[in-house]
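Letter by letter, the chains look like this.
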Amino acid sequence: MRNIFLFIRRFFTVIVFLVLQAVALWFLFTYNKFHKAKGLGVANEATGWFNSRYNTVEDFFKMKEENRRLLKMNDSLMNLLPSNFIKADTSVLIKKDTIPFDTLGNFRHYAWREAQVMYNTVNAEKNYVQINRGSNQGIKDNMGVFSSDGGLVGQVVNVSPNFSQVMSLLHVQNKVNVLVKKTNSSGTLSWDGIDPGFLSLSNIPKSDSLVKGDTIITGNYSLSFPPGHLVGTVAEIIPDISTNFYVLRIKPGADFENLQQVMVVENLQYEDQDKLLKETKKKIDDPKKSNR
Amino acid sequence: MSDFLRNIVRFLLFILVQVYVLNKIPHLHRFITPYVYFLFLLWLPFSISRIGLLIIGFMAGMALDFFTMTPGLHAAACVLLAYGRPFVINILTPKDPTEFNYREPSPKAMGWTPYLVYAFVLTLLHHGYLTLLQWLSFGTFLEFLIKVVATTAISMLLIITTELLFPRRMKFRTNTA
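The listed protein sequences derive, respectively, from chains W and E. 155 is the number that my numbering gives to position 155 of the first sequence; each next residue is one higher, with no gaps. 102 is the number that my numbering gives to position 102 of the second sequence; each next residue is one higher, with no gaps.
Some clues are possibly wrong.
[Stated by the list, open to error] Examples of chain W residues lying across from chain E (beta carbon under 10 Å, computed):
hint, residue
1, Phe17
2, Asn127
3, Tyr128
Quick caveat, the hints were computed from the structure, so don't treat them as lab data. Ideal placement from N, C-alpha and C gives every residue a C-beta, glycine not left out.
Build out the structure end to end from the sequences listed, making use of the hints.
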């Protein structure tokens, strides 16, 4: 027993070193897998406080750019107003309803919220955006995030009471299903960690005739993003010699170096769809139920 | 200002500069991430205990990690740096304690060459381990090597600049204190 104590006293520094290393590595590896870490919610509140202070200063310098984007977005929305159109047939009235359910059976699938970007980087291989909305404001994991001019930004991965962290498209683990607007072929959008100005899109067949500047939009099968929203435009087309697919370099629609205001979109049917998917998987994959 | 208070102010300044200046500058190159926050650990007094150094290292790393959403990454590298620091100091400082009466490592206390060797070895240790941990989840081996060299070079540049721009007024260690 005495020897054990002597041993501990002699190697106390090494033991503390190893324990701290183990704790740090444990944090790191559990976090990478699940995007959750112990105490990160509390820390998120603290970093959020600092970031919001910083953001008040940053806002001042980026206001002009942000105004231009907002004006552009407003302009495109103004063009959608019903008063712009003359109805040929007055017996048909089209009404859009904003409450979740109406008697005609229309219901709302996606709800949008605005949020402000508190902190954002583009230099790392794993970039996150912190926004000033959290679980108190109804933000949940896996909600989609779009920039103020409508380009896809990313997906919420971690939520604290008043702030949340968004995994940006500029994250090497990021994979999003997207469509080429012109040909409707779907592919996988990812980032290679090299240049924050460009994303890469794979799995678009060479039979598609594409040109530079073609629009890429969000796909139909995502639970997080509404379909048909801008993701980016084709910047370069590289034919992959060994396969039958293109490798496309995509210029993102959102300006990641200059994010100020974003919109968070909630899929109101998320839980329903997610439950259905899981139950289907369970039902089909369950080996015990082979007597179908 | 007491040593304790001064180091707390330094800690806050280094973390804030790292988070809001160096992490926010426009993208330079994929291999270059400017780091300078660990200079805080290099500037801690000689007299600090090894256990204390380890714990301070862990806290400094975690503080940065919570901003960059990489819990444990910088903490692990800082703990390694804090563990290695006393060994490097032992090699580089004179053995005779009467010759040596400064409180904390600085170019003036150690001389430029030993100080730069001290900073270089620990920077390399920090970046090597940090990049290794990042490389485990992403990247190729060649990229790993280039990145270690490039980030170390940039950090050394930043450290030398910082030393020249902010020469610390060195207090001698006296019996009265």
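Please verify that hint: Tyr128 of chain W, Cβ, nearest Cβ of chain E, below 10 Å or not.
holds, 4 Å
Would you settle whether the hint for Phe17 of chain W is holds or violated, based on the nearest Cβ-Cβ distance to chain E being less than 10 Å?
Since the shortest Cβ distance to chain E is 5 Å, the answer is holds.
Quick check on Asn127 of chain W please, does its C-beta sit within 10 Å of some C-beta on chain E?
holds, 9 Å
Checked against the numbered hints listed earlier, the structure breaks none of them; every hint is satisfied.
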